[in-house]
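Reading the sequence shown from the start, the letters are residues 10 to 140 in the numbering used here.
A few of these clues could be false.
Stated by the list, open to error - Below, computed lysine to aspartate or glutamate pairings styled on EDC-like, alpha-carbon distance capped at 20 Å:
#1 K111 with D83
#2 K25 with E93
#3 K126 with E31
#4 K106 with E31
#5 K25 with D121
#6 K111 with D71
#7 K45 with E31
#8 K111 with E31
#9 K111 with E138
#10 K106 with D73
#11 K111 with D100
#12 K106 with D71
#13 K76 with E66
Keep in mind the hints are simulated off the structure, nothing from the lab.
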Amino acid sequence: MKARSIIKQYKNNFPKVTRSREAIAFFFLTFNVAGKPAYSFAAVDQFSQYAFHLGIEMSCADADILKHIFLLTDHPEFRKTPNEFITLVMDGPAHLKESIEKIIAPGRVIFDSAYRKFISLVFMEEMKEML
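All chains, full assembly: derive it from the sequences and hints.
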């Protein structure tokens with residue numbers, strides 16, 4: 010099933026957004042580089058479907074996650090509407106909640122894998138088509 014038809018089918022299961030940056034999915038894609046895992050950090054805005062490529066790391070430690078959330082908030086497209094409340098949607102790790110919310114203040118973070126997948130579905134499908 011194509012992403013857009015899945016979105017139509019399940020859109021009532023998740024919060025409706027009315028503006029950019031209201032809900033942003035944050036995630037990483039894992040791939041191999043010279044036989045070792047590498048992590049490409051990205052985010053997708055639910056309203057606009059704008060995708061942010063935030064960088065690649067050779068680890069996915071807490072410090073790397075926090076670094077890339079900060080890089081998201083420092084991205085020129087993200088900064089077009091500063092100090093606006095956002096919801097960052099991600100899979101985890103939940104123990105970073107307080108640190109993440111300090112970075113994205115005055116926003117909040119929610120850990121919801123299904124919602125994160127819903128937001129990033131079109132992006133993920135387009136990435137697969139490119140490979």
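We went through each hint and held it up to the structure:
Annotation: proposed proximity of K111 to D83 holds, straight-line Cα distance about 14 Å (limit 20 Å). For the hint linking K25 to E93, the alpha-carbon distance of about 17 Å falls within 20 Å, and the restraint holds. A distance of roughly 16 Å separates the Cα atoms of K126 and E31; the hinted pair therefore holds under the 20 Å criterion. For the proposed pair K106 and E31, the alpha carbon gap of about 18 Å is at most 20 Å, so the pair holds.
Restraint check: the Cα-Cα separation between K25 and D121 comes to about 15 Å, which is no more than 20 Å; the hinted pair holds. Between K111 and D71, the direct Cα distance comes to roughly 15 Å. Compliance with the 20 Å bound is thereby established for this hinted pair. Restraint check for K45 and E31: not satisfied, since their Cα atoms lie roughly 35 Å apart, outside the 20 Å limit. Distance check on the hinted pair: K111 and E31 sit about 17 Å apart at the alpha-carbon level, within 20 Å; holds.
Distance hint between K111 and E138 is unfulfilled; the C-alpha atoms sit about 36 Å from each other, more than 20 Å. Taken as a hint, the K106 and D73 pair is honoured in the structure, with Cα atoms around 15 Å apart against an allowance of 20 Å. For the proposed pair K111 and D100, the alpha carbon gap of about 18 Å is at most 20 Å, so the pair holds. About 11 Å separates the Cα atoms of K106 and D71, which keeps this hinted pair within 20 Å; it holds.
About 10 Å separates the Cα atoms of K76 and E66, which keeps this hinted pair within 20 Å; it holds.
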